[in-house]
Amino acid sequence: MAEIGRVRIRIPPQIKRGDVVRVRSLVIHPMEIVQRKDGKPIDKNYQFIHKVIVTYNGREILQADTSQSISENPFFTFALKATEPGTVRITFLDTHGGKYEGTAEISFS
Amino acid sequence: MERYTVGQGISRRHLLQGLGALGVAVGTFPVILGTAGSAHGQGNLGELQPEEKVDATLRRLFGNRVIKDGSNVIKLDIPLIAENGALVPITVEAQSPMTPTDYVKHVYIISDKNRRPMNAKVSLTPDMGAAVIGTTLRLGETTDVRAVVELSDGTLLVAKREVKVTVGGCGG
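These protein sequences, in sequence, are chains A and B. Just so we're aligned, residue 361 is where the first sequence starts under our numbering, counting upward by one. Just so we're aligned, residue 134 is where the second sequence starts under our numbering, counting upward by one.
No lab work stands behind these hints, which were simulated from the structure alone. What you are looking at is a predicted structure, and each value in this text was computed from that prediction instead of being measured. Even glycine gets a Cβ: it sits at the ideal position worked out from N, Cα and C. Every clue listed holds true.
Quick list of in silico lysine to aspartate or glutamate cross-link-like pairs, EDC-like style, CA-CA up to 16 Å: (1) A/LYS441 with B/ASP260; (2) A/LYS441 with B/GLU226; (3) B/LYS238 with A/GLU420; (4) A/LYS441 with A/GLU465; (5) A/LYS400 with B/GLU185; (6) A/LYS411 with B/GLU180; (7) B/LYS238 with A/ASP425; (8) A/LYS400 with B/GLU184.
Okay, the calculated beta carbon distance ranges per label pair: (9) B/GLU185 with A/THR443: 37 to 43 Å; (10) B/THR275 with A/THR463: 37 to 43 Å; (11) A/SER467 with B/ASP235: 26 to 32 Å; (12) A/HIS456 with B/ILE214: 30 to 36 Å; (13) B/LEU178 with A/PRO373: 43 to 49 Å; (14) A/LYS397 with B/THR232: 48 to 54 Å; (15) B/ARG198 with A/ARG370: 33 to 39 Å; (16) A/GLY458 with B/ASN205: 37 to 43 Å; (17) B/PRO212 with A/LYS400: 29 to 35 Å; (18) B/PRO230 with A/ARG370: 25 to 31 Å; (19) A/GLN374 with B/THR224: 19 to 25 Å; (20) B/LEU178 with A/GLN374: 43 to 49 Å; (21) B/PRO183 with A/HIS456: 19 to 25 Å; (22) A/GLN374 with B/ALA189: 45 to 51 Å.
Please model the entire structure based on the sequences and the hints provided.
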């Protein structure tokens with residue numbers, strides 16, 4: 361599997377100040393699901409992303425608690441109002457203490 | 134799926150086909166690629182949500198609060214039939230002015246028949262400009278998927294759709 365934690369973010373290219381744009385992101389991650397033996401769940405240290413934090417110029421604009429019901433290599437999309445130029449940072453935290461981040465720049469055309 | 138071919142990595146379908154060719158049972162997929170036999174020793178099963186029926190999940194999350202039908206303000210975009218239960222795209226779009234006094238505070242995505250029905254809780258802010266969020270889900274079997282929206286004044290609204298799942302996405 362490609363390296364865990366690689367983050368890709370896509371923002372539309374031509375943005376005007378005040379536009380509400382759709383941000384798309386993808387992170388490479390196994391999102392381990394619970395295994396079962398004889399119908400009972402196995403107690404293991406499952407590795408999956410349980411938190412997503414999005415900041416825009418340092419302000420937290422979105423947060424999500426996620427679970428193993430989110431697909432492997434999770435895809436997330438959300439709206440963002442582009443009020444100022446700057447940096448969108450998406451941070452993914454997993455149950456093994458992993459912290460994976462990606463950034464994208466907003467600039468106006 | 135277009136969204137997934139962002140340009141790198143092996144698609145899960147190709148990987149599964151490859152593993153199948155090697156004679157590896159698909160059911161063991163998570164064991165091969167996950168961190169089986171972790172160095173930590175103790176598992177985190179106890180920290181997960183409990184396995185429960187969806188009614189218990191709703192009670193746990195919302196108590197006795199009334200959840201009103203929100204199908205006129207919530208657009209729930211999810212396929213009627215999911216060929217691959219491991220990759221079911223969902224987008225929730227709730228009409229809202231998204232001002233500091235009137236905005237969508239949380240969106241809960243709940244899949245009734247999953248063993249742990251609450252899939253995600255997204256917390257939004259007015260800075261988003263619109264209450265739109267999306268992801269892809271793992272669904273174990275044909276199920277209702279609900280989006281419960283909590284507004285800043287505490288109002289709860291729900292929209293739901295039944296998704297028929299041909300191949301379940303939750304392994305065991």
